[in-house]
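Top line first, the protein sequences correspond to chains X and H.
So the first sequence is numbered by this note's numbering: it starts at 14 and just counts up by one.
So the second sequence is numbered by this note's numbering: it starts at 14 and just counts up by one.
Treat each hint with caution, since some may be false.
27 Å max Cα-Cα, derived DSSO-like pairs, lysine-lysine [claimed, not checked]: (1) X:K139 <-> H:K392; (2) X:K323 <-> X:K362; (3) X:K181 <-> H:K181; (4) X:K125 <-> H:K379; (5) H:K139 <-> X:K392; (6) H:K125 <-> X:K46; (7) H:K125 <-> X:K125; (8) X:K362 <-> X:K373; (9) H:K379 <-> H:K67; (10) X:K139 <-> H:K125; (11) H:K181 <-> X:K347; (12) X:K277 <-> H:K181; (13) H:K277 <-> X:K181; (14) X:K181 <-> H:K125; (15) H:K347 <-> X:K125; (16) X:K323 <-> X:K300.
The set of hints was computed from the structure by calculation and includes no laboratory data.
Owing to the predicted nature of the structure, the values given are computational and were not obtained by experimental measurement.
Protein chains: 2
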Amino acid sequence: MKVLILGIDGYIGWPLAWHLNARGYEVYGIDDKSRRAMVHFEKSISATDILSFKKRQEILWANNMEASLIGVEDIMVDDLRTLNPDAIVHLAEMPSAPFSMADRTNCDHTIKDNVVGTAHLLWRIKEACPNAHLVKLGTMGEYGTPNLPIQEGEFLLTHAEEGKWKEKEVRQDRLLFPRRPGSFYHVSKVCDTYLIEFACRNWGLRSTDIMQGVLYGTRTEETMDKELVTRFDFDETFGTVINRFCVQQVLGLPLTPYGKGNQKRGFLQLRDSLQCIRLIIENPPDKGQYRTVNQFERVFSINQLAEIVKDVGGGGTIENIPNPRNEAEDHYYKPIRQFLPSVGYKPSKTMEEEISLMLKDLREVKGRIEPYKEVIIPKTLWS
Amino acid sequence: MKVLILGIDGYIGWPLAWHLNARGYEVYGIDDKSRRAMVHFEKSISATDILSFKKRQEILWANNMEASLIGVEDIMVDDLRTLNPDAIVHLAEMPSAPFSMADRTNCDHTIKDNVVGTAHLLWRIKEACPNAHLVKLGTMGEYGTPNLPIQEGEFLLTHAEEGKWKEKEVRQDRLLFPRRPGSFYHVSKVCDTYLIEFACRNWGLRSTDIMQGVLYGTRTEETMDKELVTRFDFDETFGTVINRFCVQQVLGLPLTPYGKGNQKRGFLQLRDSLQCIRLIIENPPDKGQYRTVNQFERVFSINQLAEIVKDVGGGGTIENIPNPRNEAEDHYYKPIRQFLPSVGYKPSKTMEEEISLMLKDLREVKGRIEPYKEVIIPKTLWS
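Let's have the full structure, built from the sequences with the hints guiding it.
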């Protein structure tokens with residue numbers, strides 16, 4: 014099975030390549046190094062000391078994999094036709110909500126990278142390899158926090174109206190579960206959703222659109238070797254919340270939930286994100302099918318996470334800070350997750366085990382990240 | 014009341030300026046002439062012999078209005094702050110489904126004009142005039158043709174689940190009615206919807222997002238003078254269906270519904286679109302409110318329209334041709350329309366009266382449009 018990974022230099026893309034390679038997949042990838050550039054622009058670094066892209070290309074090559082230095086917009090139809098992948102995993106988007114909210118230029122950048130990029134990709138797939146399975150990374154954040162259970166993609170809507178003979182006429186249709194995105198980044202992911210759903214319905218493409226929860230973790234089974242380690246961001250813009258808390262813990266800084274900290278989200282370990290993506294590749298949708306998968310392990314509040322990191326780390330302080338975002342801080346949250354358990358997904362480790370490993374890894378690079386501790390506290394405001 | 018019209022050179026924008034001017038509004042506008050360029054590129058012309066943009070600028074100026082030759086992306090925050098409009102009517106988007114489906118470049122063009130353009134505009138409004146009422150033109154086509162009544166914007170979803178004491182716990186939330194767009198153009202309008210809804214919710218902007226039916230008509234009360242006439246497109250790409258049928262009728266060509274012709278849509282006269290937009294401006298939403306308005310007069314099938322045009326025109330033939338689009342040809346269709354009647358909207362004329370006037374106007378330019386009759390039959394396929 015041949016897999017093309019868009020964004021092979023990223024937090025997920027890099028270990029995914031090794032995860033699939035270890036299981037006999039033929040792996041190709043592209044990346045335009047934009048994540049490296051953006052983190053540099055934020056005056057931050059990856060906590061882990063990752064190889065240069067050039068060195069990564071060499072080491073992939075030595076292991077029968079290949080990575081090209083191009084972006085999604087540079088994908089040529091002839092190249093894609095020649096490669097003819099069975100699956101294309103699209104991870105090559107601008108992944109940050111704060112980045113998209115900072116100013117107009119960043120918002121433009123987000124929409125062009127993500128929405129225009131996805132449209133470009135859909136046309137290329139249609140022209141070059143219409144049977145390929147597009148595995149697209151969306152986010153649970155597309156849904157926001159409605160006061161209702163969040164369905165997995167489509168849901169059945171029923172409507173009864175008075176019929177001709179005073180009997181109720183019942184009508185039904187399956188429609189995409191409504192979205193309520195909380196940043197321009199999240200809006201861009203909703204736009205992707207509608208683009209892909211339309212392309213599947215109209216052109217008969219096949220796609221799995223992953224609504225992924227918030228990732229955390231430093232390690233995956235296949236990247237334990239020092240030079241294979243994946244990047245790990247901890248700045249306000251590209252660092253996810255548990256990753257930031259773990260860095261704060263290691264640096265002896267207070268852990269800083271935003272606002273009341275009662276916001277609830279779904280979380281997933283990096284290693285299990287790879288497992289899920291592989292299961293999705295192994296169980297493709299039918300031709301013409303647009304499939305949504307809600308991908309997370311458990312729901313926690315931000316305060317609960319801070320407590321867990323503090324406990325695993327053996328003490329420290331938690332200091333709730335003003336919320337830079339505009340989001341509900343007390344809310345119902347019940348996302349439904351059916352697909353992944355049905356194809357055999359099982360969590361690898363408990364959250365405590367994983368956080369314990371993360372803290373161990375981060376303590377080893379404490380000296381490297383200490384000079385950058387200013388990047389953790391948020392400066393980008395939603396207002 | 015000061016109104017800024019984006020797309021003042023267009024089919025709606027031009028007569029809207031005169032409609033508002035006649036009622037005491039201060040009118041400003043911008044346009045980048047892209048519609049003229051695109052229709053030229055399609056090797057077609059406006060059936061009506063409209064003034065050049067430069068002459069239109071002069072005649073607006075002589076009537077205390079003003080139009081600048083710039084696009085939405087060129088709007089500067091300082092200029093907008095100085096103008097400080099009460100309402101901004103955004104009509105400056107790429108308006109064609111077939112255009113967006115022709116190839117990748119056109120699809121890109123559509124997303125950049127519409128989605129990136131709307132995002133740019135939202136940032137400018139937020140920075141320059143956050144109290145201005147954004148009146149945005151969307152389309153009924155965002156909804157597609159679900160097997161359920163189409164709500165006007167948000168709808169109440171109810172969910173009951175087993176509570177702790179075996180009693181049903183009932184939860185409710187108001188969510189945007191799900192969309193099922195039928196082309197990349199329609200997807201771009203759905204993206205606009207999510208962008209604007211988020212900007213209202215997050216920044217406290219106010220907006221009315223108009224889901225408009227298909228327009229038809231040559232005339233409006235204030236543009237009866239020959240040099241004030243609005244453009245009228247009849248090519249497959251920019252001509253709406255009744256407008257195309259009327260041109261076919263006048264040229265003695267068969268009227269050509271696509272496919273079975275049982276597709277149903279909501280329709281509205283151009284003159285009533287102006288009435289609706291004015292009523293929306295006169296009845297603005299609250300600060301922070303995102304309001305959806307379903308804007309059409311009546312629902313017809315395409316075959317019914319062809320019959321009406323044929324009857325009013327006194328004979329002719331109807332010839333259903335293969336459908337270039339991918340759309341349901343037999344379907345339920347019941348869009349709900351509550352806002353406009355509640356603020357006093359009333360249709361000006363019957364469809365037959367309006368079509369009779371259109372045919373009269375088009376007969377006068379028969380010699381002008383005859384050489385362009387090849388542009389009517391569709392060449393762009395959805396597949």
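So, going through the hints one by one against the coordinates:
1. X:K139 <-> H:K392: holds, 19 Å
2. X:K323 <-> X:K362: Between X:K323 and X:K362 the Cα gap is close to 18 Å, so the pair holds against 27 Å.
3. X:K181 <-> H:K181: Holds, because 24 Å separates the two Cα atoms, which is no more than 27 Å.
4. X:K125 <-> H:K379: Status violated; Cα separation ~44 Å.
5. H:K139 <-> X:K392: Within the cut-off at roughly 19 Å; holds.
6. H:K125 <-> X:K46: Between H:K125 and X:K46 the Cα gap is close to 23 Å, so the pair holds against 27 Å.
7. H:K125 <-> X:K125: holds, 8 Å
8. X:K362 <-> X:K373: Given that 27 Å is the threshold and the Cα spacing comes to 16 Å, the pair holds.
9. H:K379 <-> H:K67: Holds: H:K379 and H:K67 sit about 26 Å apart, inside 27 Å.
10. X:K139 <-> H:K125: Given that 27 Å is the threshold and the Cα spacing comes to 21 Å, the pair holds.
11. H:K181 <-> X:K347: holds, 16 Å
12. X:K277 <-> H:K181: With Cα atoms ~23 Å apart, X:K277 and H:K181 stay inside 27 Å; holds.
13. H:K277 <-> X:K181: Between H:K277 and X:K181 the Cα gap is close to 23 Å, so the pair holds against 27 Å.
14. X:K181 <-> H:K125: With a Cα-Cα distance of about 46 Å, the restraint between X:K181 and H:K125 is violated, given a limit of 27 Å.
15. H:K347 <-> X:K125: With Cα atoms ~35 Å apart, H:K347 and X:K125 exceed 27 Å; violated.
16. X:K323 <-> X:K300: Violated, at about 47 Å.
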